[in-house]
Amino acid sequence: MTMSDHLPVLILLAPLFGAVAVGLFGMREPRVCLPVTLAALGVSLWCAVGILLRIHDEGPLDYFVAGWEKPVGIGIVLRADAINSPFLLVIAVVAIFAALFAVRPTGERESGKTPHFFILFLLLCTGLFGITITGDAFNLFVLVEVSALSSYGLIAIGRTKRCKVAAFHYLIMGTVGASFYLIGVGYLYLKTGSLNMRDIHDILVSNRSLFGSRTVQTAFLFILIGIWTKMAFFPLHGWLANAYSYCPSSSACLLAPLSTKASVYVMIRIMVSVFGLDQVEANAAWGDLVVWLAVIAIAAGSTLALAQREFKKMLCFLIVAEVGYMVGGAWLGDSGRWGLTGSVYHLLADATMTSCLFLAAGTFAKHLGVVRIDDLSGLFSRMPLASSGFVIGALAMIGVPPTGGFFSKFYLIRGAIDAGEWIYIAALLGSSLVNAVLFFRLFEIAFFGKNPVGFHREQGPIEVPSERLEPPFHVLAPLLGAAALVILLGVFNGPIVEFIRTALLDPVTIVSEAR
Amino acid sequence: MNAKLSATFAVVFTGAVLLYAVSDFPDFGDPRSPANHGVSGGAPSASVYYIKNAYHDTSVPNLVTAILADYRGYDTLFETVVIFTAGMAIFAILRVLRRDDSGIPAAPDPAIDGDHHRIVVGVTCRIAVPLVQIFALYVVAHGHHSPGGGFQGGVMLGASFILIALSTSLRHALGRLSETSFIRLACLGILIYAGFAFLPLVVGRNFLDYGALRALFGTDGEEMARSHGIFVVEIGIALTVTSVMFAIFANLSSRGRLHGGL
Amino acid sequence: MTSSFHDWIVPHFNAWVYVIIMMTGLWAVIAKNNLIKKLIGLSLFQTSILLLYVSLGVKEGAGIPIIDHEAAALAMSGSDDALNPDRFANPLPHVLMLTAIVVGVATLGVALALCQTIYRDFGTLEEDEVLEQMKTLHDDV
Amino acid sequence: MIVPFDILILIFLVVAAVISLCVKDLLAATMVFGAYGFLICLLWATMGAVDVAFTEATVGAGVSTVLFVATILNTRRKSTD
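If you read the protein sequences in the order shown, they are chains H, C, E and X.
Numbering follows our numbering, in which position 362 of the first sequence is assigned residue number 362; successive positions increment by one, without gaps.
Numbering follows our numbering, in which position 124 of the second sequence is assigned residue number 1124; successive positions increment by one, without gaps.
Numbering follows our numbering, in which position 130 of the third sequence is assigned residue number 2130; successive positions increment by one, without gaps.
Numbering follows our numbering, in which position 49 of the fourth sequence is assigned residue number 3049; successive positions increment by one, without gaps.
Hints were generated in silico from the structure; no laboratory data involved.
There may be inaccurate statements among the hints.
[Stated by the list, open to error] Only pairs whose alpha carbons sit at most 20 Å apart, straight line, appear in this in silico SDA-like list of lysine to any residue: (1) K2135(E) <-> L304(H); (2) K366(H) <-> L304(H); (3) K1052(C) <-> H2069(E); (4) K366(H) <-> G481(H); (5) K3024(X) <-> Y2119(E); (6) K161(H) <-> H2069(E); (7) K3024(X) <-> H2069(E); (8) K161(H) <-> K1052(C); (9) K366(H) <-> G336(H); (10) K2135(E) <-> L385(H); (11) K1052(C) <-> A2073(E); (12) K161(H) <-> D2086(E).
Please put together the full structure from these sequences, using the hints given.
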């Protein structure tokens, strides 16, 4: 066995060891924090690429922690396949962008908390990688808690009064959501006697009557409600907007693109690996209901976004709408599974474009003190490069062709046509229209706005700036990198989708034993 | 009133769904239930395997310890990480760094620093603390054979420091275990656990597979190596839990200032 | 009526109590105004899940999941019946719930820290007063 | 026979839970919550979950009560509900 066999566990050990290293050395010498973080995430990125290549060549990858392989279900198994390996890669890349952006994460006054910030940052990455790669239903809960606790810390590390309240509400909602998930897993354990996802699936399939039992149905319902709470699916979205818009920009760049998406991934994983797509598709009534809920979520998210005056809050409500896209797409239940494909692809596209937009919003907030939409006036002439990155993110959000956002909507709509869910198509198009209105209004203000940008930084008033106010390289690079990634995802949508569909079309490769 | 009404709705709905499923449960205490025995007609459940084989595999009589630190050791690693994360999050949220302290008006300290009227409490605790600590270490070490282990022992050890802080003063307790040292200790605990679990990778075995470390411990069989491995891991857990429990208390009792305190 | 009582409640008495405690906790989390009270509710909610899991692992007439010396000696000598699964309680839910307890106390610590900062900033722990003050904070971002 | 004892504890549990939520004095509520932790620890012991009982005794009844008290003494003791 060579080191490359251990990639599934190395990918999350790297940030874990990174966090420990920051804790041991970063407290005395805060300058080591950033290099350690970048190095750890670099190792993760390398592992993610390695996993992706191996899966492409050899199919799904199982890793038996502590070597407990037989009988199935006694140990914990890590599972990488075509659904989660692209997402691992996106997590690593977005995390690196966020780390670059977060050179001075908590502002000047609290620079003593820089090591704490980076420890929590790395622990959040550990949690996200772990959630994505685990094949054990209970282990998933533990890693969800790792990422949840670190995100409460990352939100409340800011100086503002509001972020503390937002973090508290997030904590309450997040804990209740995770507990609901735990109840669901308990009910499944009660009926199947197993915690391993694949083992649960096998038991359910071999005893068909179990699917109809009250306990298993309740388990499914509670797991779904728990995950929906964590991903801010519409009626349960209350915590998201305040938490992500009042936390420090550096935290938002990591949390907003990845946290909700990880929960969407969990939902898809539970549908595919635990209950099985055949079973989910057989229950068309459930699917219809969820698609309706998704339609409501999309409509509500878009409407609420229209009503916002603050830039980041508007983006947050767009996330609520995007979550609706993905949930609805996953439940379309069309025979070609285009809806599900679109959801998985949208997971990647949305993570990158949200990253792009939040990096832009963070740049504007940090370097221009822009918080409200009206303050963006005259932005393009001040920051041409940064604004072009922002424009690409915005175009992707609207769904303009060369970007990833267009192709994900394309696949989602294709699935919806196959499934005959016209209301979902209407919601999707309507929401795209709202996005277009929103962002073109922004462009207009930023491009033609006469009033100069109000110059007050987060740290208070500064001297009058020069004409061009391009942010420093470490801020610009991730923003443009994310923009490039959005376009690359769009350009190479064909091979990516083909790769994802190897797992979705033939679920045997997912639910059966790997090599 | 609105909140109460909606809460009642949510609670009644959730409760009804949960109770609806209850009628379908196996009877309480049924040894043939799927969780205890396995689905009828299927393979026996994991717990049957554990009861039958854990002692052979790890030579640890306490099945809970064997599963906690070996079969599901990956869970336990992240459980320790959860504790560590909580400690770091509390520092990030609450800790007031000294430089900032001047700006905030000092609230009247409810501290009892220099209070000499509590001789009885002080003397009792002075006697009790070493006993608590010895028992905590015993709990950590004896987790193989009796209830206990790293978590329980670690919490007790942390509680003994909390007892010092309560009976004398927080400053006194921090003199025993200062801020930098408990952050270091917490990191060290994780490092012991994760680093030790990493060692089998060097010999080409899977993560956390202590059986591969036979040569390191000089034992005959893999099961004794696992038993020793579990012990090392428990020490790592205990270190992290001790320091984080005390850190949480120190921060909460002094409003993040780490002086004054209850 | 009696038959449903015997079928539905008596064999599942623990499950009923777990649901009742959980709903009490959930109600407190949503409806209580004081943040500390919310947290007490949250802790009740979490402990009730422990009750669900641990109840799953109970076996009638089984002992604690620690192998005693006689059974260990018998097992070493190759006796098959020494480690009869019916003699020991199911250890797996216990392991899971150790994790859940630890997660619970970690969450509680973070939540209490947040409560203290909220009190430091707003001077109150009543949710309605905090939200009232939040409305007047505009240029705080 | 262990079952009546079980049922007694379960009833006490519900009572303790309700009291801890109804008392307006937060310190008293926390103390009742500590008692709840102790009761549930007894329950684990009767169910054979000794490790869980031990952890609950140290964590649930011990440390979390201390953390609650530390926060309440640093904030306010009275609550409106």
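Restraint status (C-alpha distance of K366(H) to G481(H) at most 20 Å): Measuring from Cα to Cα gives roughly 19 Å; hence the hint holds.
Holds or violated: K161(H) with H2069(E), Cα cutoff 20 Å? It is violated: about 59 Å lies between the C-alpha atoms, which goes past 20 Å.
Would you check the hint for K366(H) and G336(H), treating anything up to 20 Å between C-alpha atoms as holding? Answer violated: K366(H) to G336(H) is near 46 Å, above 20 Å.
Verify the proposed pairing of K2135(E) with L385(H), using a straight-line Cα cut of 20 Å. Roughly 36 Å separates the two Cα atoms, so the pair is violated.
With a cut-off of 20 Å on the C-alpha distance, tell me whether K1052(C) and H2069(E) pass. holds (15 Å)
Given the hinted pair K2135(E) and L304(H), is their alpha-carbon gap at most 20 Å? Distance of about 18 Å is within 20 Å: holds.
Sort out whether D2086(E) lies within 20 Å of K161(H), counting only the CA atoms. violated (56 Å)
For the pair we were handed, K1052(C) and A2073(E), check the Cα-Cα distance against 20 Å. Holds, at about 14 Å.
Can the restraint linking K161(H) and K1052(C) be considered satisfied, given a maximum Cα separation of 20 Å? violated (56 Å)
K3024(X) and H2069(E): Cα distance at most 20 Å? Answer violated: K3024(X) to H2069(E) is near 51 Å, above 20 Å.
Are K366(H) and L304(H) close enough, with their CA atoms no more than 20 Å apart? Roughly 25 Å between the alpha carbons, so the hint for K366(H) and L304(H) is violated.
Under the criterion that the straight-line Cα-Cα distance not exceed 20 Å, is the pair K3024(X), Y2119(E) satisfied? Cα-Cα ~18 Å, so holds.
In summary, the structure is inconsistent with hints 2, 6, 7, 8, 9, 10, 12 from the numbered list given earlier, while agreeing with the others.
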